Amino acid sequence: MQKIMVCIKRVVDYNVRIRVKPDGSGVMLDGVKMSVNPFDEIALEEALRIKERGTNIEVVAVSIGVADTQQQLRTALAMGADRAILVQTDVAVEPLTAAQTFLALANKEQPDIIFLGKQAIDDDANQTGQMLAALWERPQATYASKVAIAGTKATVTREIDAGLETIEVDLPAVVTVDLRLNEPRYVKLPDIMKAKKKPLDVTSLDALGVSAGVLLKTVKTEPPAQRQKGVMVKDVAELVDALKKKGLI
Amino acid sequence: MHKVLIVGEHDGKTLNPATAKCVTCAAGIADCEVTVVLFGADTAAVAAQAATIAGVKAVLRVDRPENEHPLAAIFAPQLAALAADYTHVFGPSTSFGKDLMPRVAALLGAPQVSDLMSVDAAYRFKRPTYAGNAVVTVEADASRKLVATVRVASFEAAKGGGNAAVESKSLNVTIPSHTRYLGAKTGSTDRPDLQTAKRVVSGGRALGSAENFKLLFSLADKMGAAVGASRAAVDAGYAPNEMQVGQTGKIISPDIYIAIGISGAIQHLTGIKDARTIVAINKDGEAPIFEVADVGLVGDLFQIVPELERLIGG
Numbered sequence: 001m002q003k004i005m006v007c008i009k010r011v012v013d014y015n016v017r018i019r020v021k022p023d024g025s026g027v028m029l030d031g032v033k034m035s036v037n038p039f040d041e042i043a044l045e046e047a048l049r050i051k052e053r054g055t056n057i058e059v060v061a062v063s064i065g066v067a068d069t070q071q072q073l074r075t076a077l078a079m080g081a082d083r084a085i086l087v088q089t090d091v092a093v094e095p096l097t098a099a100q101t102f103l104a105l106a107n108k109e110q111p112d113i114i115f116l117g118k119q120a121i122d123d124d125a126n127q128t129g130q131m132l133a134a135l136w137e138r139p140q141a142t143y144a145s146k147v148a149i150a151g152t153k154a155t156v157t158r159e160i161d162a163g164l165e166t167i168e169v170d171l172p173a174v175v176t177v178d179l180r181l182n183e184p185r186y187v188k189l190p191d192i193m194k195a196k197k198k199p200l201d202v203t204s205l206d207a208l209g210v211s212a213g214v215l216l217k218t219v220k221t222e223p224p225a226q227r228q229k230g231v232m233v234k235d236v237a238e239l240v241d242a243l244k245k246k247g248l249i
Numbered sequence: 250m251h252k253v254l255i256v257g258e259h260d261g262k263t264l265n266p267a268t269a270k271c272v273t274c275a276a277g278i279a280d281c282e283v284t285v286v287l288f289g290a291d292t293a294a295v296a297a298q299a300a301t302i303a304g305v306k307a308v309l310r311v312d313r314p315e316n317e318h319p320l321a322a323i324f325a326p327q328l329a330a331l332a333a334d335y336t337h338v339f340g341p342s343t344s345f346g347k348d349l350m351p352r353v354a355a356l357l358g359a360p361q362v363s364d365l366m367s368v369d370a371a372y373r374f375k376r377p378t379y380a381g382n383a384v385v386t387v388e389a390d391a392s393r394k395l396v397a398t399v400r401v402a403s404f405e406a407a408k409g410g411g412n413a414a415v416e417s418k419s420l421n422v423t424i425p426s427h428t429r430y431l432g433a434k435t436g437s438t439d440r441p442d443l444q445t446a447k448r449v450v451s452g453g454r455a456l457g458s459a460e461n462f463k464l465l466f467s468l469a470d471k472m473g474a475a476v477g478a479s480r481a482a483v484d485a486g487y488a489p490n491e492m493q494v495g496q497t498g499k500i501i502s503p504d505i506y507i508a509i510g511i512s513g514a515i516q517h518l519t520g521i522k523d524a525r526t527i528v529a530i531n532k533d534g535e536a537p538i539f540e541v542a543d544v545g546l547v548g549d550l551f552q553i554v555p556e557l558e559r560l561i562g563g
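Residue numbers (the working numbering), protein chains in the order written: chain L, 1 to 249; chain Z, 250 to 563.
What the hints contain is simulated information worked out from the structure, not anything from laboratory work. Please note: incorrect hints may appear among the correct ones.
Rough simulated footprint, nothing fancy, chain Z against chain L, three-plus residues with beta-carbon under 8 Å [stated by the list, open to error]: (1) 160-171; (2) 198-211; (3) 219-232.
Given the structure is predicted, the values throughout are model-derived calculations rather than measurements. Glycine included, each C-beta is placed from N, C-alpha and C at the ideal position.
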């Protein structure tokens, strides 16, 4: 194990209440706080823990996005990544384009393992890791809640609908992480200072030979249907009556 | 003519009801023919079940020893090879489908619509983003194949009574050996399956311990309900991961959902907003869960739950 690549997405912060623009053209993003996708933070934390247990393992954080995505990569460097690469673009890339871009970086960097969050909390697509694994022609271990690496193999416990599943994959491999894999560390001030000196390279889709296709055009964005406000009951007897009236019990 | 290929989910014995929901979704595409494909070591039993789903034209069986466990790396090249004859390839938005379908889409160079919630036209669909806070309408190019995972909570299961032809397929596809199944630990339970249950009793952090969480099991058993949990309760170790309901857990649509000691974070609400009736029990009258509840009761769950169990039983 020599190198780990971690893919990071800049997203609207977890705590922001999303509002749809009245003209249906998207969601309001002006002045909204942006952060590292929480699942990608967990992905990075896992990479850092593997690095800390081993010797001479390099962790490279990569992202695709607008120039300001450097902020999220600086956060990754402050957490402990050794260097970062931003593929700068003003175009919102689709999962397949993201996967093609990460493939180009993987071919350059030759990592032993690529970690990503299982999904980004903006588009909730849950596609990029699996697509990257397919294009890279390597194994995928999605929704990881435990990762154990031994030599050229990784044993990964996955969160599935029925419970937990364990698979073994040959490295190199793509691992997408779930919530309970670890708890990401807090960044300390001295680390933020140190991160400013770490290398952050900026490249472009063109330079990597990737063209951003629009395979899925978003034609409208609207708020979800709202539920009607219900009734409050004062005790359990009233609750049971209400449910009986609805024929539910 | 559109041809939709649906990958069926099963455990070797029983076809997952998500498959029949995918059929309903596909039937929303005008002028379409629906085929279900099953991968497994022996899919005879589940193929017979799939053949009875109304609206299914044909069932394909792809049986080989490597297909015993649902590994995306192994199923994907086979599904991609079969996709040549189809315009759309659908799978359920379950952990099985979410793992598999993007790998297939990438092999096909096709876009994927995740969590497809409604069909506007053959290449125009709605799907949720931002934990369900924004619904987007997306349009794909009809000249390419279209891959989708179907948000099963948005569709009723297609009815039975069908009689589709079952055909065995052998594919000339190289299966990778880099991914191996080691085992699974599943919560064996006599309770209904959370994903498809008509009734769900669900608990949050306010339960306070795994021990206290058993209160819900007792109530659920009285009601014939499945048991769910908020992320907070799962993170705290009160309930196993397979019980998690919400943006990153299961998206469900029961007839009744009883949320007990769940404050109602937006990420949780996105998993339950298709429930027909939501009941909220919480000691904090300001909790956001009451914004979406059809029936709310403010009070101490440790008094309310045992009393509810008694009154329901009576």
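Taking the hints in turn, this is what the structure says about them:
no.	hint	verdict
1	160-171	holds (count 11)
2	198-211	violated (count 0)
3	219-232	holds (count 12)
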